[in-house]
Amino acid sequence: MNTVFAIAGVVIKELYRRKDFYVLFVLSALITIGAGSINFFKDLAMVRYVKDVCLLLIWLSTLAIAVMTTARQIPSEKENRTIFPLLAKPVSRVQFIVGKFLGCWLAVGLAVLVFYVFFIIVTAAKGGEFYFAAYAKTIVLHWLMLGIVIAMTLLGSVIFAAVSSNATICLVAILGILFVGEHLNKIAVRQPEPMKSITYTIYYMIPHLEMYDVRNLVVNNKQMPDLIACVKATLYAGAYMSLFLFSTWCVFRRQRLNA
Amino acid sequence: METILKVDKLRVEYSSGEFQKTPKIALQGLNLEVRAGEVFGFLGPNGAGKTTTMNVLLGFIPPTSGSASLFGLDVRQPIARQRIGYLPELTYYYKFLTAEEILRFYAKIFGLTGNAADKRIEELIALVELGHAAKRPIKGYSKGMQQRVGLAQALINNPDLLILDEPTSGLDPLGRMKVREIIQRLKNEGKTVFFSSHEMGEVETVCDRVAIIYQGELKEEGRVSDLVAKHRATNLEQAFLTIIGYKSAVTP
Numbered sequence: 001m002n003t004v005f006a007i008a009g010v011v012i013k014e015l016y017r018r019k020d021f022y023v024l025f026v027l028s029a030l031i032t033i034g035a036g037s038i039n040f041f042k043d044l045a046m047v048r049y050v051k052d053v054c055l056l057l058i059w060l061s062t063l064a065i066a067v068m069t070t071a072r073q074i075p076s077e078k079e080n081r082t083i084f085p086l087l088a089k090p091v092s093r094v095q096f097i098v099g100k101f102l103g104c105w106l107a108v109g110l111a112v113l114v115f116y117v118f119f120i121i122v123t124a125a126k127g128g129e130f131y132f133a134a135y136a137k138t139i140v141l142h143w144l145m146l147g148i149v150i151a152m153t154l155l156g157s158v159i160f161a162a163v164s165s166n167a168t169i170c171l172v173a174i175l176g177i178l179f180v181g182e183h184l185n186k187i188a189v190r191q192p193e194p195m196k197s198i199t200y201t202i203y204y205m206i207p208h209l210e211m212y213d214v215r216n217l218v219v220n221n222k223q224m225p226d227l228i229a230c231v232k233a234t235l236y237a238g239a240y241m242s243l244f245l246f247s248t249w250c251v252f253r254r255q256r257l258n259a
Numbered sequence: 001m002e003t004i005l006k007v008d009k010l011r012v013e014y015s016s017g018e019f020q021k022t023p024k025i026a027l028q029g030l031n032l033e034v035r036a037g038e039v040f041g042f043l044g045p046n047g048a049g050k051t052t053t054m055n056v057l058l059g060f061i062p063p064t065s066g067s068a069s070l071f072g073l074d075v076r077q078p079i080a081r082q083r084i085g086y087l088p089e090l091t092y093y094y095k096f097l098t099a100e101e102i103l104r105f106y107a108k109i110f111g112l113t114g115n116a117a118d119k120r121i122e123e124l125i126a127l128v129e130l131g132h133a134a135k136r137p138i139k140g141y142s143k144g145m146q147q148r149v150g151l152a153q154a155l156i157n158n159p160d161l162l163i164l165d166e167p168t169s170g171l172d173p174l175g176r177m178k179v180r181e182i183i184q185r186l187k188n189e190g191k192t193v194f195f196s197s198h199e200m201g202e203v204e205t206v207c208d209r210v211a212i213i214y215q216g217e218l219k220e221e222g223r224v225s226d227l228v229a230k231h232r233a234t235n236l237e238q239a240f241l242t243i244i245g246y247k248s249a250v251t252p
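These protein sequence lines map, in sequence, to chains G and A.
Read in order, the letters of the first sequence are residues 1 to 259 in my numbering.
Read in order, the letters of the second sequence are residues 1 to 252 in my numbering.
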């Protein structure tokens, strides 16, 4: 495990020594503070409005950080040739992949925490109440969703040669799942064969990331999913992360690396 | 003497062309044996297959057929790389890390932590004379300084076998001398060094034995003095040119 943690440590250092995270954080903070300072028609639902804007920005920013950080990991290791001295050590390709995944997931987890601390401060400043259990569940579910996104992007990074194409394809796929994923079964019902079977297959194959989106519940102070549902969501995320990481290893294990 | 690096009937083919894939043979039936404690020079013109051989030895590419082993272990197993150090021709390291951080990272991979890691890092930084810049990010380093970081990382685990791919390429005379001194020092310590180079003078000075490879095939192997004598040459460069069948177009 030493090797996996050593590789993960470098990924975390990289994220916090680059400017991307700080730029997105400052941008999100400015937009949220700006939006919160406008008091449309002295609307009493101001807290809900600020929460909504802030959570949307947190989702978009962390998604961008997760995809961009992960998409460049393996291609930039190859391009900068840093992969050669590393794999010339007793490091297996599975350790390399798991280390990269863990590093991205932990680094993004830290970013999620920073964003949510800011969210709680802004909400409290606008007179919102603090529900520890609800916020803890929101953060954990969000982080699990990002785990699936990271594993999926890592798979893309060993298939597509260019970082930009991988990041674009992953972002489009992830946003597609978030917006359309839950409606695919309803669309399938209305389709003739074979489109019906194809749409159903897609519906059952894709990771349903929208399940982890509890923004609406937080904004409207509704009942959060219970512990059993959270455990099920964790297992579901774990299964998809394992599947994507296994696929990444299958592609990467025999890939030629020409020094 | 124990054989620590063995290559047996190694063949590597690359596919070229987008649709109609035609195989390009990079290595064909290569046999090599490097024994413990010797400095072994691996020579050949550009494109001869030196880097491909190193890529197979380090597990970067799988052989099409044949086998390669380090310390008796198949090179495809990561554990085979436990006792080796590798310095690539072009050394690029994580530019956002300092030399000290990079060495700590590699030390951790070999399970070296705490005081043992601190001591080893200190020793290596002194050896490659980077004390003044050890806490600065690598992005500000010159090429020579980066090469010295490369050498330090290759030695982090106190390896029994050091694989160097053109270690002095692009270095100034002082840098070359420093690398040569380090190779000599390792040889005196009983370590094995396997290195590729274009610098015949350098090879002649430090190598016990050499192998000459051309168009993916092993042409000659033996002691430098024996090869020079066999081809009635005055130095290794002349012997090398005779072995690869070079004929000068210019008549003196």
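No wet-lab data here; the hints were simulated from the structure.
Among the hints, a few may not be true.
Claimed, not checked - Derived contacts from chain G toward chain A, CB cut-off under 10 Å, selection only:
{"id": "1", "residue": "Thr-3"}
{"id": "2", "residue": "Val-10"}
{"id": "3", "residue": "Arg-18"}
{"id": "4", "residue": "Tyr-22"}
{"id": "5", "residue": "Thr-82"}
{"id": "6", "residue": "Pro-85"}
{"id": "7", "residue": "Leu-86"}
{"id": "8", "residue": "Val-91"}
{"id": "9", "residue": "Ser-92"}
{"id": "10", "residue": "Gln-95"}
{"id": "11", "residue": "Ile-120"}
{"id": "12", "residue": "Gly-181"}
{"id": "13", "residue": "Lys-196"}
{"id": "14", "residue": "Tyr-204"}
Cβ coordinates follow ideal geometry from the N, Cα and C atoms, glycine included.
Those earlier numbered hints the structure runs against, lowest number first: 4, 11, 12, 13, 14
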